[in-house]
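Below are the chains, spelled out letter by letter.
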Amino acid sequence: MTQQPEAPQQSDTNPVEHTSVPLDAPETLTTEIQPSLPRTEVVTKQGQKLKLLSRAEFMTLLIGGGATFVLAATLSQPLDTFAREILRNRPTEPHEGESPHRWGMVIDLSKCIGCDYCVWACQATNDTRDDMRWNIRVEDQTRLGTTFHLTRPCLHCHHAPCVEVCPVAATYHRADGLVMMDYDKCIGCRYCQTACPYGARQFNWRERTDENPRVPDFGTPEIPRRARGVVEKCTFCVHRIDAGLARGLIPGIDEEATPACINICPVTARYFGDLNDPNSPVSRIINTHPTLRLREDLGTDPSVYYIPPEGLL
Amino acid sequence: MAANTNLQLQQSVHNVPPTQVGVKKTRFSRLFLIWVGFLIVLLALGVISALYVLINGLGVTNLTDELPWGLWITVDLSSIALGAGGFTLSAAVYIFGLKRYEAIARAAVLVGLLGYSSAMIALFMDIGRFDRFYHPIIYWNIHSVLWEITMCVVLYSTVLVIELLPIIVESTPLHRIKILHKVAHFVHYLAPVLALMGMALSLLHQSSLGATYGILTARPFWYSPSAPVLFILSAVAAGVSLTLLVTLISGKVMHKEMVPSDVIESVARLAGFACLAYLYLKLWSWLATNYYSKVPEQQLGADILSRYTPYNYTFWFGEVVFGALIPAMFFLWGRLRRNQNALVLACFMVIAGLVINRWNMTLSGFVIPLDWSPGVGDIFPVNHYAPALVEWGVALLVIGYSWLAFTLGVRFLNIYPHARPLDEYGHPIDTPDKPTASH
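Sequences listed follow chains A and B, in order.
For what it's worth, my numbering labels the leading residue of the first sequence as 725, then goes sequentially.
For what it's worth, my numbering labels the leading residue of the second sequence as 4, then goes sequentially.
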């Protein structure tokens, strides 16, 4: 490679101007002018070829880069608004139709004595087996070391993970907030069981041939048994709510329109009603008592509120 | 047995006059019959198990409401991942212009189709209402990753069948039917479009399979943005490895060079880089969720796993060291890569590592119990699971089906268009009378 330290400049805009640096300097660059090409090639002392930008290329990059920057700056605000809008309106849980109601439950853990009546009334009414209870009770400890009884129906989350993951939309939201199952659609893949943070779903592993041990002491079955191979769950006794509303009854106040677990509680630790109605029993309690919901950190927005016992909050 | 095989095959090569080498033999070797017989036994055991499950329901498995997915989901996830060679190598040929990979692309497509059909068998067995297997196609929930996966698997399987169609037509008497011949020709013309569709569909669902676990906020072991990407990277590594493995083993058994050795080496390097990419993300995923994390739930989960399960060991040994690190070295170190036995070993390790990963991923998430109580007591028991005999039986069904189908495919279809028989020194013989590839 011939080095031309004092090569004449083809154009005065050539960015390589520092050719007067002594050749023996290690970083010295020399230019090799190719008259036919607007691009200039630089050869380092080691013989490495480097390409320099022409003025046109430089301007293109400058304008292009600048335009990109300006575009990004102008777009970032609308894009952010757009993204937030998507997040706010993300249709994660299609609520079907419109309803003035949102059904909810309040369970007073400071009152609950752990008698299991609500568990058994649910079993009788909804005809569930002992190992497939929709409403279960567990015993846990407060920070004070005292025992409390926690009953857990389906929490009918407003953002229900089970509804989001179901591949056939067999589980869905009603407009009144209930998370429902369409037993005719369910394929029994059990992804909803995997996704539910509360273990509130039961799968029909076997054909049901058993006798219900809670019948008739705690009620009689009001809905048909589910088929083998589908997932089932608590419905807030939706059949009572719908039938009651049709007759002008108020769920949560009139027993016939109220879930079985609410009616049977001997210590009135359970309340039911419309969370949208400020005068419903549930709304009044929630407005006057400290309440918690299970795993609120997950953002599922459950419809079941708990009044904590001492030492839990 | 292998030595015996070699002897037998060498003898058969010697006995056949040179002009007839490469002409289809109608006689089956004893080894072939024993192997096929063995696979038919597996298949029969599998069919019996499957019928037992179909009649009695999923209650005969060891699955529970707390741990509702087990061996079959592992089989399903592994099969789909191991079928990923199909889209990877088709994309290499038709989208990235690596024409010489064509020598192995057909095998990749066959492996892909067998992987996907295996997955569909496993999924079919795993749903409670077998009679409603088609429901995802009718009742859409576009928010569900599982719905998206089902649709992609169905669509991509269709693509694979179309891609395989010309091979079946040209290798069987079907090519005498004029219309089929024309259709096959047209499909070959469509190959780049099919490869593009295959890649798009695969990129979607291979990662969504990881998202199946990755999006579940309630399970801290699973909930992570890396899960989808880890799934697709490991699928590419293992899918390519399986394609390589079956190619090398078929070549050994049939005493042929199925694919030119430079293509084998190049594909092995591809698998090696996929392993490295997988390891890189896996390292950061582990660092973020274990080493740097002080999130109590993650700590507790890791604690439970190390106390009650061997999954911490199977993670490091099965998934990381033997499943990716050592095979990556094998694939990328020229001297080992040129050694076919080393390659076979490396491919096997990657595949085993992938299956272990899918098992660990599924089981670990379920073993750690959900804790939804606001109390402080330790009231939720750790979940346990070991597959029931009948679950293993159904796994045999998948193995028997896919291995038998591949064996028959290699034997009767023109899966390796560039295959050349080997002479007694193991060098490929050129057979000018045999068409090298039919385009």
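Hints in this document: simulated from the structure, not taken from any laboratory.
The model shown is predicted, which means the values in this text are computed figures rather than measured ones.
Where hints are given, some of them may not hold.
What the hints assert, rightly or not - Listed next, the stretches of chain B that the computed footprint assigns to chain A, with coverage defined by at least 3 CB atoms under 8 angstroms from CB atoms of chain A:
id, region
1, 131-140
2, 370-383
Said to hold, decoys possible - Dumping the calculated DMTMM-like pairs for lysine to aspartate or glutamate here, alpha-carbon to alpha-carbon at most 25 angstroms:
id, chain 1, residue 1, chain 2, residue 2
3, B, K102, B, D374
4, B, K255, B, D265
5, B, K297, A, D1021
6, A, K909, B, E151
7, A, K835, B, D374
8, A, K909, B, D68
9, B, K297, A, E1020
10, B, K255, B, E105
Using N, Cα and C, we set each Cβ at its ideal position, and we do this for glycine too.
Numbers of unmet hints, in rising order | 3
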